[in-house]
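Protein chains in written order, with our numbering: chain A, 1 to 399; chain B, 1 to 148.
No lab work stands behind these hints: they were computed from the structure.
Bear in mind that the values here come from a model prediction, so they are computed numbers and not experimental data.
Even glycine gets a Cβ: it sits at the ideal position worked out from N, Cα and C.
Warning: the hint list may mix true and false statements.
[Stated by the list, open to error] Okay, the calculated beta carbon distance ranges per label pair:
hint : chain 1 : residue 1 : chain 2 : residue 2 : range
1    : B       : T103      : A       : S351      : 39 to 45 Å
2    : A       : D304      : B       : D17       : 43 to 49 Å
3    : A       : K227      : B       : S49       : 56 to 62 Å
4    : A       : N215      : B       : D17       : 35 to 41 Å
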Amino acid sequence: MPEKKIVLRNCGVINPKDITTYLDRDGFKALEKALVKLTSEQVIEEVKASGLRGRGGAGFPCGLKWEFARKAPGDEKYVIGNADEGEVGTFKDRYILENDPFTLIEAMAIAGYAIGAKQGYIYLRAEYHYLLDPLEKAISQARKKGFLKHFDIEIRQGAGAYVCGEETALMDSIEGRRGEVRYRPPFPPTKGLWGKPTIINNVETLMNIPQIILNGAGWFSQMGTEKSKGTKVFSVSGDVGKPGVYELVLGSRLKELVEDLALAEKVRVVQVGGATGRIIPYAMIDTPLSFETILGAGAVTVFDESRDIIDIVYRTMEFLAEESCGKCTPCREGTEAMVEILERFRQGKGSEKEIAVLEELASTMSSASLCGLGQAAPIPVMDSLEHFRDDYDNRIQQS
Amino acid sequence: MSKTGEGISAQSQEDRDLLVLLEKAQSRFSYLSQEAIAELAASLGLSISEVYGVATFYSFLSTKPQGRNVIRICKSLPCLLKDAQTIIESVEKAIGIKPGETTPDGKFSFELTNCIGACDKAPAMMINNDVHRDLTPKKIAQILKGYE
Chain A
1 MPEKKIVLRN
11 CGVINPKDIT
21 TYLDRDGFKA
31 LEKALVKLTS
41 EQVIEEVKAS
51 GLRGRGGAGF
61 PCGLKWEFAR
71 KAPGDEKYVI
81 GNADEGEVGT
91 FKDRYILEND
101 PFTLIEAMAI
111 AGYAIGAKQG
121 YIYLRAEYHY
131 LLDPLEKAIS
141 QARKKGFLKH
151 FDIEIRQGAG
161 AYVCGEETAL
171 MDSIEGRRGE
181 VRYRPPFPPT
191 KGLWGKPTII
201 NNVETLMNIP
211 QIILNGAGWF
221 SQMGTEKSKG
231 TKVFSVSGDV
241 GKPGVYELVL
251 GSRLKELVED
261 LALAEKVRVV
271 QVGGATGRII
281 PYAMIDTPLS
291 FETILGAGAV
301 TVFDESRDII
311 DIVYRTMEFL
321 AEESCGKCTP
331 CREGTEAMVE
341 ILERFRQGKG
351 SEKEIAVLEE
361 LASTMSSASL
371 CGLGQAAPIP
381 VMDSLEHFRD
391 DYDNRIQQS
Chain B
1 MSKTGEGISA
11 QSQEDRDLLV
21 LLEKAQSRFS
31 YLSQEAIAEL
41 AASLGLSISE
51 VYGVATFYSF
61 LSTKPQGRNV
71 IRICKSLPCL
81 LKDAQTIIES
91 VEKAIGIKPG
101 ETTPDGKFSF
111 ELTNCIGACD
121 KAPAMMINND
131 VHRDLTPKKI
141 AQILKGYE
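Throw the hints in and build the complete structure from the sequences for me.
Here it is in structure tokens:
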């Protein structure tokens with residue numbers, strides 16, 4: 001399937017410092033259409049009918065989330081644009097914010113109208129501090145042009161914590177606390193930021209909204225697979241000739257992205273979805289990229305035949321152990337225990353028994369952790385055990 | 001109000017966001033001292049442990065004195081694949097300290113950090129809020145010269 005630019009349609013085309021170049025590309029026409037021609041309910045119906053799902057990794061239906069927040073009782077509601085892009089190997093939101101901040105602003109204003117919110121926040125990761133000034137200038141231009149009369153946007157900065165990309169940890173962080181995950185229910189659309197109904201969407205999810213409102217749900221839902229509509233933006237890095245950001249229709253094959261576009265050669269394994277993503281051996285390179293198969297937030301890290309699988313999994317687990325918020329035991333202790341075991345395998349001092357321990361830990365972590373970090377942390381271990389068992393067996397200490 | 005706390009405490013209802021205040025205090029004093037933490041806690045009506053808990057949760061906040069410039073080299077997989085290790089070694093050699101340390105003259109603190117979202121231009125590092133991409137050992141000396 002071909003490359004198709006919906007999310008990235010303005011990137012490299014408009015001047016991100018000049019709102020008039022955005023207006024020349026139908027900028028803020030979708031907001032105008034929503035405000036003048038559509039009721040809030042109709043906006044939500046359109047988003048629901050489009051089949052748009054969350055692009056941050058979890059894939060929750062966007063319109064449904066909006067509907068929950070719309071129907072939740074309360075006058076004070078919030079919209080959050082999640083720009084805490086921390087997944088290892090992901091840089092698509094950075095690219096979007098650098099090249100087209102206006103579409104995000106317009107999308108958030110539409111979301112505010114849809115759910116009945118007057119205030120929005122963009123939560124920007126600390127590592128992207130250099131984007132703060134250009135983003136603020138973009139918001140201020142939109143304000144001056146009168147596009148933010150019914151709804152305003154403030155930027156809040158993170159301070160370095162991967163887990164704050166998780167929706168409830170992010171809200172705790174905006175509220176000025178440790179970014180620890182909340183127990184759910186209640187879910188954010190009924191009780192979110194400061195206890196008020198809140199929708200939180202990934203930057204890329206929001207980028208689809210103006211085009212859906214302008215062109216209709218039918219146009220959008222023609223693209224993709226049965227359960228994965230539209231496109232996905234992928235961040236490709238590692239052992240490739242052309243690292244970068246690529247937008248493909250959902251259902252496109254991993255091979256097309258990695259070999260045809262990013263020019264990878266002699267691929268051994270591809271990590272799709274970053275630290276909490278899947279480990280895909282080259283034999284499965286024809287797998288389609290979709291919510292039904294593999295996707296995550298679209299981080300695609302390519303490893304060639306010279307790379308050591310155990311080392312990849314060890315580094316991944318080391319990252320997760322560092323970034324675990326520490327609130328729940330399965331994640332806090334499980335990731336640490338896995339790091340210790342993987343370290344022994346890395347040094348050729350593993351044991352058969354410890355493979356069983358890894359499997360047992362994985363089962364507890366995936367079922368009992370509070371959030372996606374702990375639930376998905378064992379995936380790289382289990383995937384690598386499934387596809388690269390020999391690599392583990394070769395590192396069992398021979399006494 | 002003491003010298004450390006001046007201007008960093010909450011002034012109004014709108015300005016009671018702890019994380020924002022901690023970020024402001026850190027950018028002003030380069031780190032969050034025990035005194036600053038205690039003062040913020042008192043002005044917000046929070047316990048010291050709560051403020052300390054937030055200050056130590058985030059990797060960009062520091063409760064220890066830091067150098068005037070903080071170097072953070074990315075140690076996540078996409079950068080490691082592009083020889084981040086040689087960049088780490090080049091910086092160690094250039095400023096004579098290991099990750100986790102600060103130079104005796106207080107010019108640089110040196111840390112390793114997780115993915116900074118510059119994987120398409122790996123290896124990469126941050127110095128303060130600047131991102132330096134496509135690094136090679138040769139580039140290091142020139143980049144470091146740009147910081148006082």
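Hint-by-hint comparison with the structure:
Hint check: T103(B) to S351(A), Cβ distance near 43 Å, so the stated range 39 to 45 Å holds. Range check, D304(A) to D17(B): about 46 Å between beta-carbon atoms, so the 43 to 49 Å window is met. Distance hint for K227(A) and S49(B): a CB-CB separation of about 46 Å, inconsistent with the stated range 56 to 62 Å. At about 39 Å, the beta-carbon gap between N215(A) and D17(B) stays in the expected band of 35 to 41 Å.
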